[in-house]
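Chemist: Once you've looked at the hints, dock chain B against the given chain A.
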Amino acid sequence: MSSRLTTRFEACAREGRAALVTFVTAGDPDYDTSLALLKALPAAGADVIEFGVPFTDPMADGPAIQAAGLRALKNGQTVVKTLAMVRAFRETDSTTPVVLMGYYNPVYIYGVERFLVDAKAAGVDGLVVVDLPPEEDNELCLPALAAGLAFIRLATPTTDDKRLPTVLKNTAGFVYYVSIAGITGAATPDADRVTQAVARIKAHTPLPVAVGFGVRTPAQAAAIAAGADGVVVGSALIDALRGTLDTEEKATPATIPAVTQLVSALATAVRNARPAAAE
Amino acid sequence: MNTPNSFRTGPDENGHFGMFGGRFVAETLMPLILDLEKAYQDAKADPAYKAEMDAGLKHYVGRPSPLYFAERLTEHLRGVAAAEGRDGGAKIYFKREELNHTGSHKVNNVLGQILLARRMGKPRIIAETGAGQHGVATATLCARYGLKCVVYMGALDVSRQAPNVFRMKMLGAEVVPVQAGARTLKDAMNEALRDWVTNVHDTFYCIGTVAGPHPYPAMVRDFQSIIGHETRAQMLEQEGRLPDSLIACIGGGSNAMGLFHPFLDDPHVKIWGVEAAGHGIPSGQHAASLTGGRPGVLHGNRTYLLMDDDGQIAEAHSISAGLDYPGIGPEHSWLHDTGRASYISATDEEALAAFQLVSRLEGIIPALEPAHALAKVVELAPTLPKDHLMVVNLSGRGDKDIPQVAEILGTRI
Chain A
1 MSSRLTTRFE ACAREGRAAL VTFVTAGDPD YDTSLALLKA LPAAGADVIE FGVPFTDPMA
61 DGPAIQAAGL RALKNGQTVV KTLAMVRAFR ETDSTTPVVL MGYYNPVYIY GVERFLVDAK
121 AAGVDGLVVV DLPPEEDNEL CLPALAAGLA FIRLATPTTD DKRLPTVLKN TAGFVYYVSI
181 AGITGAATPD ADRVTQAVAR IKAHTPLPVA VGFGVRTPAQ AAAIAAGADG VVVGSALIDA
241 LRGTLDTEEK ATPATIPAVT QLVSALATAV RNARPAAAE
Chain B
1 MNTPNSFRTG PDENGHFGMF GGRFVAETLM PLILDLEKAY QDAKADPAYK AEMDAGLKHY
61 VGRPSPLYFA ERLTEHLRGV AAAEGRDGGA KIYFKREELN HTGSHKVNNV LGQILLARRM
121 GKPRIIAETG AGQHGVATAT LCARYGLKCV VYMGALDVSR QAPNVFRMKM LGAEVVPVQA
181 GARTLKDAMN EALRDWVTNV HDTFYCIGTV AGPHPYPAMV RDFQSIIGHE TRAQMLEQEG
241 RLPDSLIACI GGGSNAMGLF HPFLDDPHVK IWGVEAAGHG IPSGQHAASL TGGRPGVLHG
301 NRTYLLMDDD GQIAEAHSIS AGLDYPGIGP EHSWLHDTGR ASYISATDEE ALAAFQLVSR
361 LEGIIPALEP AHALAKVVEL APTLPKDHLM VVNLSGRGDK DIPQVAEILG TRI
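Going line by line, the protein sequences match chains A and B.
Under this note's numbering, the residue at position 124 of the first sequence is numbered 124, and the numbers go up by one with no gaps.
Under this note's numbering, the residue at position 376 of the second sequence is numbered 376, and the numbers go up by one with no gaps.
So that you can see chain B by itself, here it is in the shape it has in the complex:
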């Protein structure tokens, strides 16, 4: 594949990133998607919208989030390198998205979409959620702005993310457990689309990741790009130069895209996306669409998907409800095919180990989702030189995962 002059100009006017993306939706939704695209273009050009966004990010979300030098993890992994006879170990920074209000990066995007929904005069908000982080962020902003909120969540996820379900209800949202399919994120998204197609007149669909029909992948990426923009400025301030590598976990891929996008045209910045390998890629029980899938069409876009030879979508598996999705944002598929970003994967077991390691070494309990990225930091950092600056997106905090991890570790709480 030819290397484009810039990796930051996509998508084209039809929402394509190379062969990926597009608008594969029912006709009922097509006029809504065109309206949304126009409303977003108008909002982007409106200084009042930007001012409202900036104020919300600063005073309500609590941005900027810190870029934190993870000193003890760095030292620990340098020790690992030394034990293997190497003088290495990258200098590791955490982009602290878990410190945002609601506990993850999800709120960056939700704020943007809710302010857009208000401009469009839509009083009812629907969302899908896996781990519940996007659902909580949506419920939170709906409470803040007095909007009706309905969150679709796979019934399995409802049971394994009980704290977030309670939070959403506390915030006034209606949580609808979805019993279809594997009862996880994919099924929640199907049901949210069915709601949207039914309630076209008053409802805004707040998609939580860089997937879905155009303009969602580009719009959500734009809202999340504040992560990368801040990282860039903070690294220049702290180290006087850009980082050497970026690493982030990927379900749909919004936290990763937010970190990566502002660096795509800095070719010396190495980029790693970490998919969920579940019980291991060979087991077939995983959520690694790029590693174990192929291009297909689902949920409004063409992208890499897990499926069988008949084009039937496979059930994903991951310990992390937030990564348990058989697809990935279309821009990631394009970055994968162009080679600009490298996509690797971490198993349930590796993520669980990193979850515990980082809790003990840094006093930060990460969510199981970024624990996948941390698992690969543990693997990669010792192989890199000491002056290598590596940024990992700590996209969410692990409080929501405590009951699940306790159960896995055999502790009753």
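One chain only, chain A, in its complex shape:
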């Protein structure tokens, strides 16, 4: 199960580098632009795609991703449309893992069983649901694992060694280490502390550990990539996208290139982060 995720992380490891995990919000700023962007990400250097499911009340997200979700919702994005985009993506890409990231209520209202069937059929590989800690595993985590979808858990600076086994217990695919106590796109993580934290988590699990929250520039991505199995970049991509929108927040010809150029720069940085290993 979750073979695309496992295969991809293993391939990156063989290349002696971390995976670049890119986050964009589904439907931002509109369906067609967002689908075109989704399709352009792998060629630009994204190894794994996190696709944000918009929600009105994203409690763990900073201003950039909040605004992205609202732009998408304003233009009519729904869970049904998000799944349709993944399905369309899979018509031309059968290898790049796609992980849906969001909050529980839209999934709950869609219906957990129906959602898992439809997500699996669309070609989704895993789920990151921010407001479902291990204490609520019966809601979605266990049904997702049974349905063959990875449930990717967040580990955070407040997750101590005593709690880590609880957090890691039903995790699959990879572990998402939240590098700062805070919201997405806020403070910049300290690379040394992140490396230590990743080592701490890896002592408890054979799964790859990807690091996100606050990674913005190629240099930061490279610093994190030196000590992790994956680097997640989200808010910086959303900011690049937003910077190209017109005054009515509509996409322009510059929108997709702005994001893919940043992804390319990040991918190059991640690939060169461990020169010794690469030789």
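Keep in mind that the hints are not guaranteed to be accurate.
Stated by the list, open to error - Here are the computed lysine-lysine pairs in the DSS-like style, where the Cα-Cα straight-line distance is at most 27 Å:
1. A/K202 / A/K162
2. A/K162 / B/K38
3. A/K250 / A/K81
4. A/K169 / A/K202
5. B/K44 / A/K162
6. A/K169 / B/K38
7. B/K148 / B/K38
8. A/K39 / A/K250
9. A/K120 / A/K39
If you are wondering where the hints come from, they were derived from the structure by calculation, not from laboratory data.
Modeler: Then chain B, alone, in the frame of chain A:
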């Protein structure tokens, strides 16, 4: 649904009231919530904590609050019944929570949480507020105990509750206007959660209602239950028996839960919760989660919520900033589904009329929030017999609403 043996034993160890409640929070907050739960369990078992609480409630808050026979409102509504050809009209009592220090029931809960924060060694307190009553109570206790206080308030509420904003600042709190969403209570709560997740090491989140992740709904209910416990003793003293009905307004539902909970296992005591119907339920512009919503997950718990078919949370509307919230405490959702309590609603217009009526008849200017409960008292009391004892929770005073009501009534002040 099966009727439980007792309605007062919840929640279970995972914070569930039937299917409602729970702990739907980001992992960053999970260890904090577990710490809080443990600290609260320890405090509850500590006589020193109880003694500190009791002293604070008596000497600082000014408890017990009176249970007052609203004679002229009772007479007025008996007149209404007579005009309709009926010999009825319930005997109405006000539980005078508006007489508490800071002007509402909110302080009961805040005192409990601030004393807990001190025990836990947290120097920085954050809170969300709608009408500003919880924010004022939090700012007040933070001033009293020398704690840093940051209050998140929707920008719309900042403008319609200006007196409370000034009060909070006067008390030394920082008030952060939240520009996201509809700029009301829901958005303030999102922003408070974002603050908490960022400042995990020194910050205590003082939630103002019986919502949020476990243990908040149970903990806030426990702190507010003094309202019902006092009412019980006072009614026995004044009338020699328990009341026949209880009625209270509901936003998140803390004043209502505080009044209701000690009576949940007295099946002959009828219980009404009054949600805000805004411009009317059919208009879609309301804050009546039980009447017009369905179960979903937001702000750490499963409960009835206003939302669209895609699970996106809807904007609530109410004249009252304190009721302007698309959710409700999970225990209310459970009481609703089990049928133990009945939930009805009052419109902006009805609340405004009751606000004026009670001001003139009783010399008590209620807040717009309990004015919703009073609006239903006006409707229900004439249909009930004269020996029916009805308690309405007068959860806050209306001073804060004067500028807003004056504007609606076309008076410049």
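Chemist: For each hint, tell me whether it holds in the structure or not.
Modeler: Against the structure, the hints:
no. : hint            : verdict
1   : A/K202 / A/K162 : holds (14 Å)
2   : A/K162 / B/K38  : holds (16 Å)
3   : A/K250 / A/K81  : holds (19 Å)
4   : A/K169 / A/K202 : holds (13 Å)
5   : B/K44 / A/K162  : holds (26 Å)
6   : A/K169 / B/K38  : holds (23 Å)
7   : B/K148 / B/K38  : holds (23 Å)
8   : A/K39 / A/K250  : holds (19 Å)
9   : A/K120 / A/K39  : holds (19 Å)
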